[in-house]
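Undergrad: Residue numbers (our numbering), protein chains in the order written: chain A, 48 to 280; chain B, 12 to 427.
Please note: incorrect hints may appear among the correct ones.
[Said to hold, decoys possible] Not the full set, but computed from the structure, chain A residues with beta-carbon under 7 Å of chain B:
1) Arg129
2) Asp132
3) Ile141
4) Phe146
5) Tyr151
6) Leu160
These are computed hints drawn from the structure, not numbers from a lab.
All residues carry an ideal CB built from backbone N, CA and C; glycine is no exception.
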Amino acid sequence: MEKSNLNADTIRIDSVKFHWSNKNDFKIYVPEFNVARGEKVLLLGESGSGKTTLLSLICGFLNPISGDIFLNDEPINNLSARKKDQYRCDNIGIIFQQFNLLPYAKVIDNILLPLYFSKKRVENIKDQKETAANICKSLRLPDEVLNMQASKLSVGQQQRVAVARALIGNPSLIIADEPTSALDKNAQSIFLDLMFSQISESRSTLLMVSHDESLSQRFDRVINLDDILKEGD
Amino acid sequence: MLLKLTFASLYARLLTVSMTVFAISLSLMLYLSVEKLRTSAYTSFTDTISQTDLILGSRTSSIQLLLYSVFRVGNATNNITWESYEEIMNKDEVEWSVPISLGDSHKGFRVMGTNLDFFKRYKYRGGQLIEISEGNYFDDLYDVVIGAAVAEKLKYNIGKSIIVSHGIKSFTDHDDQPFKVSGILEKTGTPIDNTVIVSLEAIEAIHVDWSSGAKIPGQETPIEEIRNMDLSAKNITAAFIGVKSKLTIFKLQRWINEYPEEALTSILPGVALHELWRIIGIVENLLLGISIVVIFTTLIGMAAIIFSSLNERRREMAIWRAMGASPNIVIGILMLEAFIISFLSTLISSILLYILLNILQPWIDDTYGILINIELLSLKDLLIFILFIISAMLVSLIPAIRAYWFSINDGMTIKI
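Only chain B is shown next, with the shape it has when bound in the complex:
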């Protein structure tokens, strides 16, 4: 009866109530989408590299090594000699390793030299391999595989001839040795999308006539001659390492960090990612702060709406009282209303969020490389909903207690 009449009462105020529900739904949806974006950004971020146990680089800070080896941000301070790399590679603990060589670029996109193991070993987002969507992995010395974003932004197709520039931002091109696009990678949502990948030999090849970062004047070795040269890498920038047993990670890490021949660093990607996220996580906290303010505003808004309807409902309360309802029932009716309003709002906000995410997901993925996982409701969302409903009812206690006093003092006197 109480529930039926409360529904009837809400229905009689359909316009106000539905606008309230809509307003609350929108703010809840805003909160949920900010929250979703926040967690998706974090997941996208930590998903950049997975199932790699150690990253090897020259002596540097762990975050810097992570930045240049995984995110292609900044530069390596030093290279690693192939001999050191080989020695580490041959350690018993090491199951696999992939060397990479960085330093050149193409139209603002980083060029990374590596071998074909990269495509077999480098994993992202919970163990996914990098797949090729068009063409093939590099086969010829001057073949290049490009990330999805590179292909899209520069509108490159298979067979396109490209020139690699020396350094990250320079006007010196390796224009004597043009490359050919042999493959385009699937979109990954990681920095791989923005990378131009060549073989380690190709990196050596384009630097044949170079010494200490500058072109040797007058020297120009013909391509045919270069093809016949020994182009095995003498230096690499970093390497990804997988171990046979996770138990040996720290032992190997310590061994590398104490390697006497060369100053090296090895990091655990997961730990470094977490450290880095803590630095850029200020943005995360900001988003969280905004979300909380939004929820708070919503709750106050709802209390205000219940409050403003209270005066016009004093008569209704008097009728309830005359029928024998105790003041507690009057409070109960208002709380029940708050419950219905907030419950409906959580339902509607989930539906709105679902629609919004479906519309925005491709765009966010394209623009920011953040893949939003659309799922119905996570346990966390449900918990948030329950907390919201409880807070809504607590907030509605303020007008409800006022109604309680009204109903005690009004008694038979009906005020309009």
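Chain A on its own, in the form it takes in the complex:
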């Protein structure tokens, strides 16, 4: 079922509570948090502040104890585990801090991996290899890189491959967890330039988490994690 409401939020969180059952007393409570379609949002927060937990909730890896998480107006916390996995690969591109790729696989196989699990994303593109090559070209990755083993690439190149993988098949939401933390300043800014131009082109929503405030000016909106996380019981 496609939701056609253009004003719909990509992410909408409503009174979500979560705590780890086995770990100390860490808990988070998010009364309200929305990200509009096409918006680029930066979440600022120190490490250990619950950034990754929040992203895991949004990606459907974790289930909130109470409250609702809507992605494109669909309440994903009500989905079965299998449907959640399917929803994730259909709609979300994920970029980790580092070591994003299967090191033993070729770059091209890494990029095409999400398509293996998502029919929906396959339908969005004509020729898989050509699309992958085009994205790589826009990300200024040399052609020969496609057939190299992922582990042979520099960290900066690996992160750009991760962007290509997240973007292939145009998922509606890109989630990036400190994707630049392993890069030096110069590489960081090149990487972000490329990533932003690609995301703008695909009109995806971006939710990026970082502790680096200097990145703020690139985003439509900057949110301090502390502002949306409330201590609750």
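Chain A is already provided as a structure; the job is to place chain B on it using the hints.
TA: Structure of chain B alone, referenced to chain A:
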């Protein structure tokens, strides 16, 4: 895609994986070779005599009769008179029979008296006849045909003069009547290889001056005189019998066992062999036990190896999950790995076994008289392989389920 990436992943860990595969291959090969040795020993054992319907002897247990008549182990309790033998031989049911006479030896090898029918009738390993490899069957009274192992161990050639000793372990020789090696038999892998074969008449001849198992003092009949004597056998130790119709075997057996003139026993060789194997089969069970432990160890070893690689692969699992792979796929990847590893191992172990058997076969045949039949893969081996692969995948479920929990709990959190 999944298969391709699993191969790539295994290839990236080439050293560990190949060592694992090699270790598993070796244990599988060990299992297969033990199994092979076990079945070959059994076949060799049951192949000692074939197509003989009954073995006739004096009243004794079936295993004892089998042991002394076929395996040349132990002694007969009594002889059979020629008259009784003749009466049985003339029964309608009997198609052929071969008498044998035991009791003497040569340098630790048993001497067996028989007639030339022995070489026409006695069969081993599915109906094979005993062939002569050098020289001829006995022709003269003092001719002797020796088994392949006798010739090899004593380094005897055709024409060699030998002395037969009285009894199995004695210092009394029949040194007044030397024999001449007239023929050497082909290797058979049966106790025939260790037997010295003479004619029944020769057995009578060397005992001319003997009475009740002892030499008559002072009496020494010259050889020329002996040659002119009537040397037809008065006693035999046992006989191999073939019947015209298999349906009459039990009737004949009962008739022999109830023979009123003399206490006799007749046995079915196949049944007696089976009984005997059940006694010495403890060794067989031991080998089987070892084989099973080896396989078990191998499987645990493989699970341990998958387990130990699991921690360093948590990141990989998280990537799979982020790409949309369900936890079931994570399990599937590990099972697929176990399948590839165990499948490769079965292939390599078969090749190793084939090479090993080719190297060891002549030696085992020489030393133990067990002929190992080298064939590529029997249906049973294939079944074992399939069972092994299935067990390997089942065992790998243990680490796979752990990976499943990792991947559910880790989610976005990537642990290194």
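Undergrad: So which of the earlier hints does this model not fit?
TA: Violated hints: none; all satisfied.
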